Amino acid sequence: MDKNESDIIHKAEEFLKVFRKGEEFTQELLKENERLRYRTVQFEDQVKALQRRSEGPEIENLKDTIAHLEEEKTALINRYKAVEDENKDFAARYLEVEDENNNLANLYVASYQLHSTLDFTEVLTIVVEIIINLIGTDKFGIMLIDETTNELSFVASEGIDSIKNKKIKIGDGIIGDVAKTGENYFEENLESFHPASDLHPIVCIPLKIKDYIIGVIAIFSLMEQKNKKLTKIDYELLSMLAGHAATAIFSSKLYSQSERKLSTIQGFIDLLSNKNK
Amino acid sequence: MAAYNLLIVEDSPTMRQLISFSLKRLKNVKIVEATNGVDALKKLSEEKFSLIIADINMPLMDGLKLLSIIRSDPIYNNIPVIIVTTEGAEADREKGIKLGANAYLSKPIQTTELLKVVTGLLKIEN
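Line by line, the protein sequences are chains A and B.
1 is the number of the first residue of the first sequence in this note's numbering; add one for each residue after it.
1 is the number of the first residue of the second sequence in this note's numbering; add one for each residue after it.
None of the hints are false.
Cross-link-like lysine to any residue pairs, in silico, SDA-like; alpha carbons within 20 Å at most:
1. K27(B) - V97(A)
2. K24(B) - Y94(A)
3. K27(B) - N101(A)
4. K107(B) - G159(A)
Simulated from the structure, these hints should not be mistaken for lab results.
From a predicted model like this one, the values you see are computed outputs, not experimental measurements.
From just these sequences and the hints, can you work out the full model?
Here you go:
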């Protein structure tokens, strides 16, 4: 065998090897193809089964349940919002009640103190304390009417030394007018208030028992922390003072007069009984 | 027995009653009233107090003198003290704080503010 023949045989053997490998690879590809076809058929079956289920009553039930739950959720959200609004209302109401409670406490204390004594000087001190401590004023005066002269004069005051000896005729100016008409006077705009005179009050209330006016309370300025504002309770306290302070001042005055008369009468009785002895 | 014993030192009966009335809204408190600094020292020697509310302007012994005595006495110096001042009394207020006051309130006293300061100092819930 010459060299050419042995080369051809060698190449033929190599070709045969490559061909066999190709055959094996093709066999594997065919097997894989078959396996994949089988899987495809399986998936198709599963998809069909799922489609069948999605069109079934079970899904409809689930859809109904979801819709129902959605409705319930919306209703709960709405209820939550309503409760939240209600809570805000309650909180606001609570603050209002709290304020009202504080105001009532102030009114109670003021009224209690006013009627705790029959001493004229003590009553005046209490009215002064109420005006300073509960309303928050630093310049004011309590004026009573002298029925013989028809004039108002200060019986107690704070921070108004320059005018406390002045007298005002009933009907003169704001203070005299309040004493005449019995109507409360409140300066409308306290922030831009400029007094026309030293007897120009920001607030003037009559001291009256029913329609009988015995004097006035004139306020000329508020404490700095009041920020030039009167609160709701200030108006209530002032209105209360108009009646209660008048009654307390009037009754204490009557009481001290009757005490004086009593001691005079007692003096006479003692004198007469000593004479008879 | 009350958990908190509060001493109000104030010469004005109206203010005393108002402060006392406001503080009675707190739970577990007993309120004792004194009419001036001397009266307060007497009350302090008789029982223990959790807090003192003292006005500054009082006869016999004012609030600042009372405060300085309280702060210099090891028995009382831990008691929180609130001073009550009037408008235009910034100097008194500053003096009070320097002497060791824990808080101050300006007249007219607002109940809400009073309760807030007291509950804050006593660390109790309103």
